[in-house]
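Chemist: Position chain B against the provided structure of chain A, taking the given hints into account.
Sequences listed follow chains A and B, in order.
Each residue of the first sequence is one higher than the one before, starting from 1 at the first, in this note's numbering.
Each residue of the second sequence is one higher than the one before, starting from 1 at the first, in this note's numbering.
Since the hints were made in silico from the structure, they are not lab data.
Do not take every clue at face value.
What the hints assert, rightly or not - Chain A residues, not near chain B, derived (Cβ > 12 Å throughout):
1) F176
2) V177
3) M191
4) V200
5) R314
What the hints assert, rightly or not - Result set (DSSO-like, lysine-lysine): computed pairs, CA atoms no more than 30 Å apart in a straight line:
6) K192/A with K152/B
7) K305/A with K182/B
8) K182/B with K152/B
9) K181/A with K89/B
10) K182/B with K192/A
11) K181/A with K182/B
12) K152/B with K181/A
As the list claims (entries may be wrong) - Distance windows between CB atoms, simulated:
13) M295/A with K3/B: 46 to 56 Å
14) A33/A with R75/B: 55 to 65 Å
15) A33/A with R106/B: 42 to 52 Å
16) R207/A with T209/B: 53 to 63 Å
17) V124/A with E179/B: 27 to 37 Å
18) G27/B with L310/A: 48 to 58 Å
19) Q195/A with R104/B: 13 to 23 Å
20) K3/B with Q195/A: 23 to 33 Å
21) A150/A with R75/B: 51 to 61 Å
Given the structure is predicted, the values throughout are model-derived calculations rather than measurements.
For glycine and all other residues, C-beta sits at the position ideal for the given N, C-alpha and C.
Each chain, written out:
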Amino acid sequence: MSTSMRMLSLFIAVTVVFGAYYLIANLFFRTDAYIESILIFAAINIIVSLSFYLPFSAGLLSLAQAGFMGVGAYMSASITTLWKFHFTVGPLDLTFFIALLAGGILAAIVGVLTAFPALRIRGVYLLLMTLAISEIIRVFFLNFEYTGGASGLGGIPPLTTIWNVYVALVLVVLFFVRVTKSRMGRAFESMKEDQDAAEVMGVDLTRHKVVAFAIGAFLAGISGGLYAHYALYIDSTNFGVFRSIEILIFTLLGGYEIYAGPIYGGFYLTFLPEWLRIIQDWRIIIFGGLLIVMMILRPAGLISKEMMSLRYWRSTLANLWKPRVEA
Amino acid sequence: MLKVSNLYAAYGEILALKGVSLEVREGETVTLIGSNGAGKSTLLKTISGVMRPRGGDIVFDGHHLNRMKPHEIVRQGIVQVQEGRAILKRLTVLENLEMGGYLRPRDTEYREDLQRIFERFPILDQRKQQLAGSLSGGEQQMLAIARGLMAKPRLIMMDEPSLGLAPLIVSEIFRIIAEMKKEGRTILLVEQNARKALQVSDRGYVIVTGNIILEDSCEALLGNSEVQEAYLGGRKA
Chain A
1 MSTSMRMLSL
11 FIAVTVVFGA
21 YYLIANLFFR
31 TDAYIESILI
41 FAAINIIVSL
51 SFYLPFSAGL
61 LSLAQAGFMG
71 VGAYMSASIT
81 TLWKFHFTVG
91 PLDLTFFIAL
101 LAGGILAAIV
111 GVLTAFPALR
121 IRGVYLLLMT
131 LAISEIIRVF
141 FLNFEYTGGA
151 SGLGGIPPLT
161 TIWNVYVALV
171 LVVLFFVRVT
181 KSRMGRAFES
191 MKEDQDAAEV
201 MGVDLTRHKV
211 VAFAIGAFLA
221 GISGGLYAHY
231 ALYIDSTNFG
241 VFRSIEILIF
251 TLLGGYEIYA
261 GPIYGGFYLT
271 FLPEWLRIIQ
281 DWRIIIFGGL
291 LIVMMILRPA
301 GLISKEMMSL
311 RYWRSTLANL
321 WKPRVEA
Chain B
1 MLKVSNLYAA
11 YGEILALKGV
21 SLEVREGETV
31 TLIGSNGAGK
41 STLLKTISGV
51 MRPRGGDIVF
61 DGHHLNRMKP
71 HEIVRQGIVQ
81 VQEGRAILKR
91 LTVLENLEMG
101 GYLRPRDTEY
111 REDLQRIFER
121 FPILDQRKQQ
131 LAGSLSGGEQ
141 QMLAIARGLM
151 AKPRLIMMDE
161 PSLGLAPLIV
171 SEIFRIIAEM
181 KKEGRTILLV
191 EQNARKALQV
201 SDRGYVIVTG
211 NIILEDSCEA
221 LLGNSEVQEA
231 YLGGRKA
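Just chain A, with the same shape it has in the complex (with noise of 0.2 Å):
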């Protein structure tokens, strides 16, 4: 292993480390209302992250991930904020996640009628069809008066917590856990790799995709609706284009082989604007300059599948100082 590729897995190792402590410390010790704001930002990204990366990983590439977060947020937002929805059993107050299902199912149909037309297309066609999707999404939103058009919907109830948010992203992180070690998760795999070959090999294409496409487009909804009760007012801006592209940058910046790529990449490109806070305008610069540098340096992002087994850490952290011996 080279000497840059070891110090590239002690900055990665750290940077989950000191992460995962964070999370762990303001989770249990909270500290200020900002930090929480950021770690929350952090886990709708992941989760939409994530279901960019779930169509991908099938080797669909799609630029309509916002457009359904939008389906997903104005959908849950209408039933807790204009119809003033409310279920409850017993001491359990379970109007959020009914509001937050209802979004990620509507967000899902929305996805399934997408992957009809996506069945015939590939590469850069399918790109340019489901940032169409996505349009369509944000100016159907811009001028449906009834959840509040161009002035956008506020008043929706602070229903995102810290916790609820963290305990989505780590169901969903299972999903995807177990997704990938299933039949589907490798029948994902070959058709990426080679969809003609995985064709011959018995995956019925037309199934696998409309089901990436579904569930991609629910985890969309969910984070959609998770940011719209945080955010407490939502409009069609939100869900423009700009943030399908931020979200794609999220997954090839922290890896686009393994489900762990978007998590990191969503985590850490949401703290580094913050921290990059004195040039806030400029962190599109930013993303767009890390992006080359890390196509050049990184092409498959931070993160690769490689990284994914405890033998690897364990080797490459043992050998860390080891002078690099010539063969």
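Modeler: Leaving out everything else, chain B in the frame of chain A:
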């Protein structure tokens, strides 16, 4: 077992198969020879469902395959080993083999088959945790064949298995095909290396620009002067 009758297929407006009829009986090895662009690969792709036929009929064990999707055809027991190997380079050798048996339950028979594959291809056993892309060309072709076998096919179709391989490896691949034949497998082989292919097969078809022009036993085809002229590099030495 497999009966193709009057099959038409086209790329856009260009007809690639113009009424092809062909039969493969159980336990038989059949070779399809023809030059570049004659429609050999198109025929395999149409049988495996990757391409939709424009007309004609494909019947496998009494089931019409014409309207079936590729995964349904795999389920019927037809597996295609694609041209250019088409292994999944970023998956390990073992994962590739598992993908071969994608539609099968993970039962004892599956594990026995996997074990048998490793006995037959010891090199794949040694490299099972390696990425498939790191294998040599010949090893990749073996993996492609092994992956096809993992599907427990009743008919295995091989598209140019010797393509781009060194002569020694080509012989090795044909030895494997001969072995599979001896086991009683049903094989439909498409090859440019006509002499070797005819030597391991029972019957052969000659396809020219989308038409089958000749069908005979392999000995007869090897002795046919036109076939020698066109596909076997001149008269027999």
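Chemist: Which hint numbers does the structure go against, in order from smallest to largest?
Modeler: 3, 4, 7, 10, 11, 16 and 17
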